[in-house]
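Colleague: So you can see what is in the structure, the chains are spelled out below.
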Amino acid sequence: MTGDPMTGDPMTGAGQTAPVLEVRSLSKQFAIRNSRKLVHACDDVSLELHAGQTLGLIGESGSGKTTVGRCVLRLIDPTSGSIFLDSADITKAGPRELRRLRRQMQIVFQEPAESFNPVLTVGSQIELSLKVFSGLSPAARRRRVDDLLDRVGVPAVAAGLLPGALPAGVLQKCSIARALASEPRLLVLDEPTSALAPEAEADVLGLLTKLQQDFGLAYLFISHDLSLVRSFCDFVAVMYLGQIVELGPKTDVYAQPRHPYTQALLAAVLHPDPRQRLARAGRETQLKGEIPSPIDLPAGCYLASRCQYVTDRCTAERQELIQIDTSTVVRCWRAGELPAADERP
Amino acid sequence: MLFEVSELSVEYQSLDEISRAVSNVSLEVGSGEVVGIVGESGCGKSTLALALLGLTRRNARITAGSVRLEGTDLVGGGLTDKQLRQFRGRRIGLITQNARSSLNPTVRIGKQIATVYATHTGAKKADAKSAAIAALRLVGINDPEHRYEAYPHELSGGMAQRAVIAMATVCRPDVVVADEATSRLDVTIQAQILDDLQRAVQEVGSSLVLITQDLGVIANYADRLYVMNAGEIVETAPTARLFEAPGHPASVSLLESQLDLSDAEFRLRGLPVDARKLPEGCWLQARCPFMDDKAGCRTAHPELSDVGDGHEVRCHRTSVVLDRAAELTR
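Chains Y and A, in that order, give the protein sequences. In terms of the working numbering, the first sequence has 100 at position 100, counting the first letter as 1, and numbering is strictly consecutive. In terms of the working numbering, the second sequence has 383 at position 38, counting the first letter as 1, and numbering is strictly consecutive.
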């Protein structure tokens, strides 16, 4: 973590300033057509994010990461809970108010090629964002497009090209430029580099770091890549079946994971070290099977069917988040008594 | 040697330009061995994967070399398509990155696997079905009789990838080529599937070629590996040896980029070399932190040279690289 004076705590709000983003008990259920059943995409999610900070949201596919990101921008309406952007509750905002608030929050999607219209030039699509969000004249808008591209390190000629003419890494930088057009305070980054080659990935992450330093942006960073979150984020929230199961400063969560799921997730990473092969030999993987269906959820802890530490209480009683120390929360009755996770070889 | 590739080259033709994706690649896979091929994206790994089955994309062609399975050359041996089909699927299986695109969305997965088996072996319907069910069970699918009836869209990504592995192993091939077979899957599923794949090939007695850019996969599953860069093999060694003492700048760079180190002292700079305009001398010269004019990096193309214990490196500066890399891996 940096020595930023605005550094606060995403759960307790121990920072000195108000958070840019505060999510309280967010839940989202999707109805299934021709059925009374519901998909519980996210359940009781609470988090805080301050200016200049990055919160990593990690979990397997289907864990609800993207749903949280979309609710935060109100691209979809949450079923319950509240979301505050600079203390304004966006879940209650009307259309006019929402448009004003959207200026403050933007999103960068996973696949740059799919988030641009293939038949319009990159420049015109960045300009469209300016047209919506700023009162600039057409000439001023075009100058601003060049400024924005310059800011993300893309040559101005790219403005006149179609998205297909640019490599994925450059195009992703253009989509960051488009997101910056409204001068937001919060960016939701939904797997922004997982479609990129390693070199382009490093390049885009370097850019995001610099932009954060320059403008104090808050990032909600959605990823399934544990090592990426480790190197890029200040705080990390681990999601499982729509719930946050562990949230804390990155250094604590990675050094001393408390939740059995976090432990299993970290243990499953294949390290570039042949000694791990010997250590793994003959040992069962900690987590069996796959993530259960988010339709018929179990009564107790959602991990109970896959957890090696399961007790009767786990299967019977709904699992709440427990404060472990000032900055870490864990959704596990047994978090305090579990053995430490296996050390990396 | 069971499976032997020698001096294989593949070129892509576009308009009036030719780019060399695979250059003079020689490699060997012994019976029952797990061999890794690793390299940054764009180094020619996937083109090589296809060429191992004698296949190319439409705008590419194999210009030189041979791919021999127990002595029969699949690329320069003058085999007809019909004869080649006796090898593909039956004696060499291929698993690609995107499982769902290898499956027909309109046919039940069990039926697809049974069809592969029946086509290659001439087995009767009932026998093909039981072979398919056995193959599904072998890759860790619970209740395979029931899953046999599932359509691809009814399976999770991990299950679909398992079904593709079952399809690649159902004929008990000599070699299975897995090209980034688990790179799109969640970390928790990745190790399970690789364990299942490893068990399945052991069970049916196949050798395995694992193609990936993930050194974690190589370290945990491969007995021996080849490092590719700019279409060439630049280093080969037994796995433990290479991780302990990498001797080529491309290997050191890969290792450094995946070791969670903050400094990028030995990282290759910039983008891969343009395969349409390969320079004189070493193809990595413009990107290499070890480049030295006096060693001939700009004038002479390095050959693979043996540094002992089955470890070969293509670099003029190997001794320096080995010394410096020792600091990194310690």
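Derived by calculation from the structure, the hints in this document are not laboratory data. Ideal Cβ placement from N, Cα and C applies to all residues, glycine included. Keep in mind that the hints are not guaranteed to be accurate.
[Unchecked claim] Covered by chain Y, according to a simulated footprint, are these stretches of chain A (three or more residues, beta-carbon under 8 Å):
| # | stretch |
| --- | --- |
| 1 | 398–406 |
| 2 | 530–539 |
| 3 | 557–565 |
| 4 | 649–655 |
| 5 | 662–673 |
Colleague: Does each hint fit the structure? Answer for all of them.
Modeller: Consistency of the hints with the structure:
1. 398–406: violated (count 0)
2. 530–539: holds (count 8)
3. 557–565: Holds: 8 residues of the stretch 557–565 of chain A have a Cβ under 8 Å from chain Y.
4. 649–655: violated (count 0)
5. 662–673: violated (count 0)
Of the numbered hints stated above, those contradicted by the structure are hints 1, 4, 5, listed in ascending order.
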